[in-house]
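*Asks:* Okay, here's what each chain looks like letter by letter:
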Amino acid sequence: MPQPTRIVMPTSAKKGEVFQVKTIIQHEMESGFRRDNRGLAIPRHIITSFVVMYAGGEIFRADMFPGVAANPYFGFTTTAVETGEVVFTWTDDRGDVTTERRTITVA
Amino acid sequence: MRALLSVSLALAAFTAAAANERPVPPRPGLDFQSAETRQMQSDDGANPGMLWVEQGAALWRRVEGPEQRACASCHKSAADSMKGVAARYPGVDAASGALLNIEGRINQCRKQRMSVIAYPYESNELLALSAFVSYQSRGLPRKVAVDGPARPFFEAGRAFYNERQGQLNLACGQCHNDNWGKRLRGDVISQGQTDGWPAYRLEWQTLGSLHRRLRACSLGVRAEVLDYGAPEYLALELYLAWRGEGLPLTSPSVRR
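Respectively, the protein sequence lines represent chains A and B.
In this text, residue positions in the first sequence follow our numbering: the first is 1, and each later residue adds one.
In this text, residue positions in the second sequence follow our numbering: the first is 108, and each later residue adds one.
Just so you know, these hints were derived from the structure itself, not from any lab.
The hints are all genuine.
Taking beta-carbon pairs under 7 angstroms as the criterion, some of the chain B residues facing chain A (in silico): (1) Gly152; (2) Ala153; (3) Pro155; (4) Met157; (5) Leu158; (6) Gln162; (7) Gln312.
Small disclaimer: the values here were computed from a predicted structure and weren't measured.
Beta carbons: idealized from backbone N, C-alpha and C, even for Gly.
Can you make the complete structure from the sequences, with help from the hints?
*Replies:* Listed below in structure tokens is the structure:
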């Protein structure tokens, strides 16, 4: 099931310009180490991979582990090379995939 | 003469402090947070509370129930109709005479106007809608009515605030009036202002309502933890809103 996300990045940039991308996704990031009121282990449920594709290549990748807090935020910069889609993909350990797309116009 | 003047000045300062139950100057909750937390709150791209605000915007338009209504069916654009509303809450509902906070008003609207069930307190939906409504008042100063029908609730809230509670036998003001700005172990004691709620609390890893925070206060002084939406917490919410009058609203804020 796709999760709610927020992505902040410009919609246009000059060729060669460095721009900032900020992403956040809502996810419980349950570590698997906690126990509930009855003493039963709460199953692990975390996002394990976050990949960003742009201009035919991978521009950002993060592998996540149980130590990452809920609602993981990633901010990074990249260079505007061509007009096109930036594709963000989060995958969790139950195989749920959330994909978001943003278009940037490069002049 | 000089001694007399300083004595009278000190006396004047003392009586002013005693007469004024409100911290002077009122300082937003954000002032007592770390630099990292302040930065997280000030940047909407990094503030996790904005996830709930966006979901609230979607819920605002979601048509439900036998009446086939959404919030937007009556209230139209929240940016106009809800602007400044959270700054006036909690308030007394004229029809029922009950004190309602934003959460209570949303649920009253759902039951009476949309004929659908109320959202449970702390459900993702109620958090999202209350954050979304509060967000429309961002930057606007708090101003609540405490006279007329609101007076009994206000006095109840004030009494609750000033009552020593729990095994630690502490009243709210013993920390939040007398000792704000000082350290309590690793933390700086805040004024206990409510300008930022609902807020994303890092300890909770989620957005939470003011009543969840108040429950944590009750637990902290080892007093009875009351139910969400309890009349005591509602009255206290009104008193706290009056106590922080003039502070601009900042929800969704980020707290430690």
